[in-house]
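> The residues making up each chain are set out below.
2 protein chains.
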Amino acid sequence: MEQRTSPDNVIYVGNKPPMNYALAAITQLSSGSKEVAIKARGRAISRAVDVAEIIRRRFMPETKIRDIQIATEEVTNEEGQKLNVSSIEIYLNK
Amino acid sequence: MEQRTSPDNVIYVGNKPPMNYALAAITQLSSGSKEVAIKARGRAISRAVDVAEIIRRRFMPETKIRDIQIATEEVTNEEGQKLNVSSIEIYLNK
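Top to bottom, those sequences are chains A and B.
My numbering applies: residue 18 is where the first sequence begins, and numbers increase by one.
My numbering applies: residue 18 is where the second sequence begins, and numbers increase by one.
These are computed hints drawn from the structure, not numbers from a lab.
Among these hints, one or two may not hold up.
Each pair may be met inside one copy or between any two copies, as identical chains are not told apart.
Derived pair list, reagent style SDA-like, types lysine to any residue, alpha-carbon separation capped at 20 Å [to be verified]:
| no. | residue 1 | residue 2 |
| --- | --- | --- |
| 1 | 33 | 110 |
| 2 | 51 | 96 |
| 3 | 56 | 88 |
| 4 | 33 | 56 |
| 5 | 56 | 89 |
| 6 | 99 | 74 |
| 7 | 33 | 101 |
| 8 | 51 | 27 |
| 9 | 51 | 97 |
| 10 | 51 | 34 |
| 11 | 81 | 110 |
| 12 | 111 | 88 |
| 13 | 99 | 35 |
| 14 | 99 | 75 |
| 15 | 81 | 99 |
| 16 | 56 | 98 |
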């Protein structure tokens, strides 16, 4: 049975250097996971693309991009206002 | 014959507000183009996702994301150094 992405192999990309997230994903893919999902919102979207490219260009050329999804999520800020923020999900498998 | 994306309907996303690029794409799609490609590099990648989401969420819900590609491009900076920069291409059609 094909393994699908479980919560365990989702990497949420934030404000740290891209290499941190790349290493987390590589660790997942090297320890039995067939797929990781790299997710980000707002400005971190650019970094999520960097992370996916670092993994497949520099470290694991055998990985493939299975799918890329973009969406809009509604978030509530500190003042209680609802804002729309873009998001991305990049699915890498091997 | 199916129309493919020509150079005319490529929108390059830079540092202007997302709405500027969204309106350029909507103009293309409303004047005969069946598809537009929204392209960006580096930090503008997040904005390219915003542009695609604005178009299909707010203005043209009949548009579909046909494909999303990410890549790494080599650019030369002002000091003559070669740098790798991530890029994205989002293909929207109707």
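> What are the numbers of the hints the structure violates, in ascending order?
Hints 1, 2, 9, 10, 15 and 16 are the ones this structure does not satisfy, whereas the remaining hints hold.
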